[in-house]
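Novice: Take these sequences, add in the hints, and give me the full structure.
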Amino acid sequence: MDKIVFKLNHREVSVALDPSLRLLDVLRDHFHLTGPKEGCGEGECGACSVLLDGRIVNSCLFPLGNAAGHNIVTIEEFSKTQRYEVLKNAFHDEGGSQCGICTPGMIMAAESLLAANPQPSDEEIRIGLSGNLCRCTGYNMIVKAVKLAIARGTDLW
Amino acid sequence: MFDQTKSTPKIDHEDKCSGQALYVSDISMPDMLYAKTVRASIAHGKIKAIERPPLPSGYHFIDHRDIRAKNFVKMVFEDWPVFATDTVNYIGEPIMLVVGPDRAELDRIAKSIKIDYEILPPTFGFTDSQIHKAFTKGNPADAFSHPHKVIEETFETGYQEQAYIEPQGMLAYPEEDGKITLIGSIQCPYYVKNAVLNCLDYPEDKIRVIQPAVGGAFGGKEEFPSTIACQLATAVLKIHKPIKLIYEREEDMLTTTKRHPSKIRMKAALDSEGKIEAIEAHVSLDGGAYIGLSGVVLSRAMIAVTSAYTVANLNVSGDVYVTNTVPTGAFRGFGAPQMIFAMEMFIHHIAKQLEADPLEYRLRHLARQGDKTSTNGLFRDPIIMKEMIAKAMDISGYRAKVAAYGKETRNRGIGMSFFLHGCGFTGSGESTHINAKVKLIKDESDHVNVYVAAVDMGQGAKTSLKRVVAMTLSVPDAQVTFDNPDTDYVPDSGPTVASRTMMIVGGLLARCAQTLKDSWKAGQRQEVVERYIQPSYMKWDEDKLQGDAYPAYSWGVNVVEVALDSTTYQVKPIGIWSVYDVGKVIDERILFGQADGGIAQGIAYGYLEVMRHENGVLRQKNMTDYIIPTSMDMPPTETVFYENPFAYGPYGAKGAGELTLVGGAPAIALAIEQAVKRPINVIPATPETIMELLKHG
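Those sequence lines, one after another, are chains E and L. My numbering numbers the first residue of the first sequence as 220 and each following residue consecutively. My numbering numbers the first residue of the second sequence as 424 and each following residue consecutively.
Please keep in mind that the hints were generated in silico from the structure rather than gathered at the bench. Be a bit skeptical, because a hint or two may be false.
Unchecked claim - A short, non-exhaustive set of chain L residues, derived as facing chain E with CB atoms under 10 Å: (1) Phe425; (2) Ile669; (3) Gly881.
As the list claims (entries may be wrong) - Here are the simulated DSSO-like cross-link-like pairs (lysine-lysine), alpha carbons at most 30 Å apart as the crow flies: (4) L:Lys995 x L:Lys824; (5) L:Lys572 x L:Lys698; (6) E:Lys366 x L:Lys1118; (7) L:Lys690 x L:Lys809; (8) L:Lys497 x L:Lys629; (9) E:Lys366 x L:Lys429; (10) L:Lys995 x E:Lys366; (11) L:Lys860 x L:Lys602; (12) L:Lys995 x L:Lys572.
From the three backbone atoms N, C-alpha and C, an ideal C-beta is built for every residue, glycine too.
Specialist: Here is the structure:
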């Protein structure tokens, strides 16, 4: 089997695995990165979100082979950044996380949104988060958290 | 942003954000095997033969023949099998587990099992009653014998799926001396432990249940996880290896418990001034194939009959019907959402028929302190609904909007619901079934550890219960630790259900902390235990459903405004305003979280979330076709809490978790009703329902 070479959390990795495997399974089972969660397995809930060259993707729908040559960043790596720190604190202060199963994915969605659009409107925030389901919060406290992160992290995005 | 002095830093926030919090599917063990459930493919039939493929080495089948003692999952009755024996009663009923090291191989094996059935006629709908309950208040027969006017209506509600984002799952493993430990996504560690003890007829100290991080539950992880636990414990006993069973979304939606579909008939006798003199009500619940908790759900539904109103004469009955469909069970609100929807719509419709102002008519019937409850108990504590309603109308602009939208045909509507929720278990459940116990241990460094079985499934139980202990002890938060429950260490403080956690467990912890404070010896280890004592005023007759059904009631008002698309008939909620009396706000941020999440589920129950079965086959089986709200569906919310302290709650706190859901459906249904100018008697009020109403009345 040909090796698939890609960057995982900014470090080059090379795996001899079936290219049709779901990236989510490779991350969780092979690399033991359990930050991306499986909520639905069909790209509806976004709990498995990771960044592909800085843009959000559902790792449950993403075949490993398509990662070749790209940089995949999971919450494990993103959580080392200053942007994460601001988002995490804003989620805390606004009550944007309850059970937490959607939270890593939601934070990745916020990062993906703000990286592309640092000053989104309320509507743009809601659109940016709409691929990530949360059953606990009703979303408003998450939207407020993203707005608070924007206000606090002026130069970060 | 919240007043940080009114909120405690959320205990598990860091780990949940960074992905470091371990949910059951994140936990692995050396030598761990996986399990896959083989399920019935027909709604009702006898198993004639099962053809099993030869198993590769290291793979196992586990079925009813492996059960050590009782093939039942202990809930209320012993009617729910761990594995089907010779009969299957719903599509998806577990028949066996296949266990082994490779998940793809398990799928292959499971697919090649052939089961031959003798098909039996299935039962659907409200025909086969297995539980009947009834109670009366006053003299309803007399009121109905000479009414000025009688109005009768029927209401229907559909399934609702909890749709927690973390599917059900559990990991079980053997320890020394035959001990079995289970780590699961659960609400009730001791329900799981007791169910396994019963199934295995096992020594009490040989079953251990540990709660990891739980990714949402909403009632769906109250009784259902006990079924997985009994299956896995049976498998571990035979195979002696760790075994993990995680449901995929489709399996979870098709086979786990959900909210009972209902049909509620309401009949009112009115006096010459139009006042409701008596109500005759009947509730039908679809219990699915096994009764489980349905009888208890039925009681709560029946008791909620008059919701936030007082009616002097009542004749209330209800039935749980057994059908060849997936069993229904606990879901936030537990029978009350169905009944409160029916009562709110009914009283509004009566006012309309009388050509009375619905608001004024409903206010006339509001319950007051000193009134008798539906079950002849007493509303002992102050009821401040009039102030709360005035506040809700003020912040929502209700009066102006309801007047404007009533006249115009501009596809806008506003609806307001009044409601209550009985806090804690119904009737004498706390004292006869649970008898909760809590423990605090202070170590030599004066650090205090909280020992309770309350599960934090996102609602913030750890944060807010810890806050109660720290406040009572007058120590910094950091001096108190609350780890996830492990039945080897925590006493049985009861299940994490029924809006009881703060009022009952928190109340016990406050008492426990006070005792510790009063006897505090610096530098010494101290252990304090407290047990539940039923308030002496509570008198309850379980057979007749008479007396004080709950120690306290929380109250609420929801206002929902909607816009209707006149082409697609899609409803868009554009504003939500809520006012609640939960006694006392312990942690502001956590309560606002409960309020926002509860109303999202409550309104979605009323207009968005559709699940139906056709001959026992559920037509919605994943997140693509069972629609829950996204960030684009939820409008901004404004919520106000009124303080109205309850003497027996910690610092006056009552229940909050379910209250925030139960009024959502009638509020949005009333808003839709105003927008479409047609009465709504069925939820969810989907675009299809609205189109039918507009075309055919």
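Novice: State for each hint whether it applies.
Specialist: Hints, one by one, checked against the model:
Interface hint status for phenylalanine 425 (chain L): upheld, as the beta-carbon distance to the closest one in chain E is roughly 7 Å, under 10 Å. With a least beta-carbon distance of about 8 Å to chain E, the hint placing isoleucine 669 (chain L) at the interface is held under the 10 Å criterion. A distance limit of 10 Å between C-beta atoms decides the matter here; for glycine 881 (chain L) the minimum to chain E is near 3 Å, and the interface restraint holds. Simply put, lysine 995 (chain L) and lysine 824 (chain L) have alpha-carbon atoms about 16 Å apart, close enough for the 30 Å limit, and the pair holds.
Between lysine 572 (chain L) and lysine 698 (chain L) the alpha-carbon distance is near 10 Å, which keeps this suggested pair within the 30 Å criterion. Between lysine 366 (chain E) and lysine 1118 (chain L) the CA atoms are separated by roughly 43 Å; this puts the pair beyond 30 Å, and the hint is violated. The straight-line distance between the Cα atoms of lysine 690 (chain L) and lysine 809 (chain L) is roughly 26 Å, inside the 30 Å bound, and the hint therefore holds. Annotation: proposed proximity of lysine 497 (chain L) to lysine 629 (chain L) holds, straight-line Cα distance about 18 Å (limit 30 Å).
Between the alpha carbons of lysine 366 (chain E) and lysine 429 (chain L) the distance comes to roughly 22 Å, so the proposed pair stays at or under 30 Å and holds. Under the criterion of a C-alpha separation no larger than 30 Å, the hint pairing lysine 995 (chain L) with lysine 366 (chain E) is consistent with the structure, at around 23 Å. For the suggested pair lysine 860 (chain L) and lysine 602 (chain L), the alpha carbons sit about 24 Å apart, so the restraint of at most 30 Å is met. At roughly 37 Å between alpha-carbon atoms, lysine 995 (chain L) and lysine 572 (chain L) are farther apart than 30 Å, so this suggested pair is violated.
Figure legend: structure checked against the earlier numbered hints; hints not met, in rising order: 6, 12.
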